[in-house]
Amino acid sequence: MKYWRASIACILIMSISVRLVPGASIGLPYGFDVYDVVSRIRSAMSTGKFETSMPQGPMLYSLLCELVILGGISPEATMSIVAPALLSLIVIPAILYARKSVKDEFAAIIGGILASSTNLIVHQTGGTVVPEALGILFAGFFLSLFVQKNWKDRKIAVLLSFAALGTLASHHLTTLNVLFGIGIVILFKIISDGKRGSVRSEVRKMMPIFIPLGLAALLIWKFVAPQHTLEVVNLTLAGASGLTLAVGGFFAAFVVSMACRMIYRRRASFYLAEKPFIFAIITFCASLAILLIFHLVGGMGMDMLRMILYVGVPISVVYVPLSVTGLVYTVNSRIDDHSLACLMAFPTACLSLAMFLVLQPGFGTLAYREVSFMLYSILPVTGIGLAEIIRKASPAKRYVAAFVLAYSVLALASTSYPSRSYLIGLSESYAPSDLRISEIVVNITCQGEKIDTDVRMGNLLLYYSGRDINWVSNVSYWTSPGPPGAWLGKSAMAGHPVPIPSNVEYILVSEEMLESNGGVVVDQPSRRFYPLPDAALRYLEEKPGISKVADSGTAFFFYVSRH
Amino acid sequence: MPLRFEVEDFALTFSLLSTILVLSFLGFQIMSTPRRSYIAIYAISKEGKVFTSNETILRLGDGMKFMIVVENHLGRPINVKLLTIFTGDLNFTSPEGCKGSIVNEQVFTIDDKGRSVAEMEFSVTKAIFGQNSITVEQVDVNSFNHEVMAKSPSSNQTFRLIFYLLIWSDDEGRYVTKWNDGINDHTSWLQIWFELVPEAVE
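Sequence lines, in order, name chains A and B. Just so we're aligned, residue -6 is where the first sequence starts under this note's numbering, counting upward by one. Just so we're aligned, residue -7 is where the second sequence starts under this note's numbering, counting upward by one.
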């Protein structure tokens, strides 16, 4: 393709730019998850020794430490500039995967453009400095190698193993998706081979990848990092009933069987795939209508509606029509069985898992975490969908399409850092004064003293103390939701200040929690967001015996005397 | 001349357009996001930690040592005045509306990213302990006596010191209570409640 390298250079610039916007504009790492992640290595960044167990693969933690220690870069600069820039390389494996699978450089470039503008991490928002970003980077390399059939080539085999291990060492959920995807590739291959009467050696060749990777993942999840994957599986099963499991299983199987049907028949048709612009308009109207109906029947509050509209509608309008068009084209094309199986399997794995989860009570809400890998693995199909639309269009229409799509990219990019009003009142970014007061709090309190605050400020306390802080509302994120935490959570839920419980010695309040400010208390135990009434802050300021011992303008630290 | 826009050209044009748009957005976002500045103020005991409950039980005549640390991150040097207000008023609304006596004033110049530490030793030197109330008539701050009149119930922590920070405004030619962080105005103040008990009987 003409301008192949120039196009890749543009995509890289765009990917880096999109991921640098939040950190560069505020001069600090963006996203409160980032501080939770890095709190585990706060001391290791200076001593080089890990003192806290890692909840999942240690790869990102090691990388950040190396950047800080060997690179001589401050932790804040590393997290706000260097790490997002490095992790924006996520577009390279996306382009490689698309190029190898659909064998169309133009489609690969389009896939890369979409990857560069969409923030492909779990929350769709926030910083890229989370293990998932590195996990998807390695998984992307894995997919780009897996889609090639020449695994007997020693170089490819070594690289494939390296990518698999990198994924395993980076992120648990991405590893689970890759494993599930390989399982479905095997199923698809058996089906397409069965049509010819015999299972070919390719299926057998996949086993040396699937079995060791699966066993290694199980051992790590069981013995090294039990907090996340297996615990969530157990809690999901504990919260589910036989009926929800059966219905979820049925829908998951239905998704897989529909994909199997397309693979087997090698034929697909969809009327709207021929009318992409009408399809996009219908998707836009449908995504609005579905959400509005949910809202009107009381299934969704205004805050949640606004957030899903902001993030979900641009992603749906861009990805759904292009993916369906691409899928119809790919299934009907002469693409080889293995590439088709890979292209179909990974998005199918995510979609079926999401369908299963969404029907489970409690932890079903985690289904949204499947979206990122689903979007990433469908990029080649989306790319070929757009490529075919453009190829069929007249030259004049291509000008219009270029502008429309460039603005779509901008809309996708803007989903990465919505303002607080589109995030249920939650602010992902911090003011420097929030960071400083958290550092002061860690320095002026003694080890073990009980501090009440919300998740947003609590992550800063974890960060500055290297997780050595007695944050009373901090419970394992993956435990079942319980009643609201200490004083802040209870007061926010009650809508008025409640008496301060005896297990609270200090209270750290930020302006971002206050109702008058449009903020919320992100209560860890209940996993609910409630605005903190302004009366609660007045209560702390007025109640005799509650001393205000630190003030940074945006956050305040109170000491509760027991005399 | 008819428009010629080949498929091969599309990728680069599309990439360039998107890149220019996103870079413009980046530039706009960075330019339009104000740099957040702030002043931090905190109170610590002479050990550098928050007061414990025992440290806030003040015996008549005994001294209570503490430090008020003021940090300047406003991006410019500032002149500040730290007022120490003593009060027994339980109906508190804000430092401005508080019924109390100013018992100490300290003025500092703090460079950008600098900090100043106001060290204080406070004691109540004259007080009348009634049946249900305590009336404080004289306090001592850094060896200077101040006549005050503060009355409060005798149970638990009912007296307090309020530390109120004023910032010099060149525009207004006087000390003002508010400073701006780039978006919003703020005031800086702290308070420490303590319990006053009679002096020990030998």
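Since the hints were made in silico from the structure, they are not lab data. Take these hints with a grain of salt, some might be off.
Looking from chain B toward chain A, a few residues come up when the C-beta cut is under 10 angstroms (computed) [as the list claims (entries may be wrong)]: (1) L8; (2) A32; (3) I36; (4) G40; (5) H65; (6) T150; (7) W160; (8) V168.
DSS-like, lysine-lysine: derived pairs with alpha carbons at most 25 angstroms apart [unchecked claim]: (9) K536(A) <-> K143(B); (10) K443(A) <-> K41(B); (11) K73(B) <-> K443(A); (12) K105(B) <-> K536(A); (13) K96(A) <-> K145(A); (14) K215(A) <-> K96(A).
Stretches of chain A that chain B covers, calculated by requiring three or more beta carbons in the stretch to come under 8 angstroms of a beta carbon on chain B [what the hints assert, rightly or not]: (15) 170 to 178; (16) 346 to 359; (17) 362 to 374; (18) 395 to 409.
Fair warning: this is a prediction, and the values are worked out from it, not measured in the lab. Note that the Cβ used here is the ideal one computed from N, Cα and C, for glycine as well.
Status of each hint after checking the structure:
Given hint, L8(B) at the interface with chain A, holds; its Cβ is 6 angstroms from that chain's nearest Cβ, closer than 10 angstroms. This hint holds: A32(B) has a C-beta 4 angstroms from the nearest C-beta of chain A, less than the 10 angstroms allowed. The closest approach between the C-beta of I36(B) and any C-beta of chain A is roughly 5 angstroms, which is under the 10 angstroms cut-off, so the hint is satisfied. Because the smallest distance between the Cβ of G40(B) and any Cβ of chain A comes to about 7 angstroms, under 10 angstroms, the interface hint for this residue holds.
Nearest Cβ of chain A to the Cβ of H65(B): about 7 angstroms, under the 10 angstroms cut. The hint holds. For T150(B), the interface hint holds, since its Cβ comes within 10 angstroms of a Cβ in chain A; the closest pair sits about 6 angstroms apart. At its closest, the beta carbon of W160(B) sits 17 angstroms from a beta carbon of chain A; the interface hint therefore is violated under the 10 angstroms criterion. Interface restraint check for V168(B): the shortest CB-CB distance to chain A comes to about 14 angstroms, outside 10 angstroms, so the restraint is violated.
With a C-alpha separation of about 17 angstroms, the suggested pairing of K536(A) with K143(B) holds against the 25 angstroms cut-off. Note on K443(A) and K41(B): the hinted pairing holds, with a Cα-Cα distance of about 14 angstroms set against a maximum of 25 angstroms. Taking the CA atoms of K73(B) and K443(A), the gap is near 33 angstroms; set against the 25 angstroms cutoff, the hint is violated. Pair hint K105(B) plus K536(A) does not hold up; C-alpha atoms about 33 angstroms apart against a cutoff of 25 angstroms.
Between the alpha carbons of K96(A) and K145(A) the distance comes to roughly 21 angstroms, so the proposed pair stays at or under 25 angstroms and holds. For the given pair, K215(A) sits about 40 angstroms from K96(A) by alpha-carbon distance, which is inconsistent with the 25 angstroms threshold. Only residues whose C-beta sits within less than 8 angstroms of a C-beta in chain B count toward coverage, and the region 170 to 178 of chain A has 0 of them, not enough to reach three; the restraint is violated. Closer than 8 angstroms: that is the beta-carbon criterion, and the region 346 to 359 of chain A has 0 residues meeting it against chain B, so the requirement of 3 is violated.
With 0 residues having a beta carbon nearer than 8 angstroms to a beta carbon of chain B, the region 362 to 374 of chain A misses the requirement of three or more and the stated coverage is violated. Restraint check on the region 395 to 409 of chain A versus chain B: 9 residues with Cβ-Cβ distances below 8 angstroms, three needed, restraint holds.
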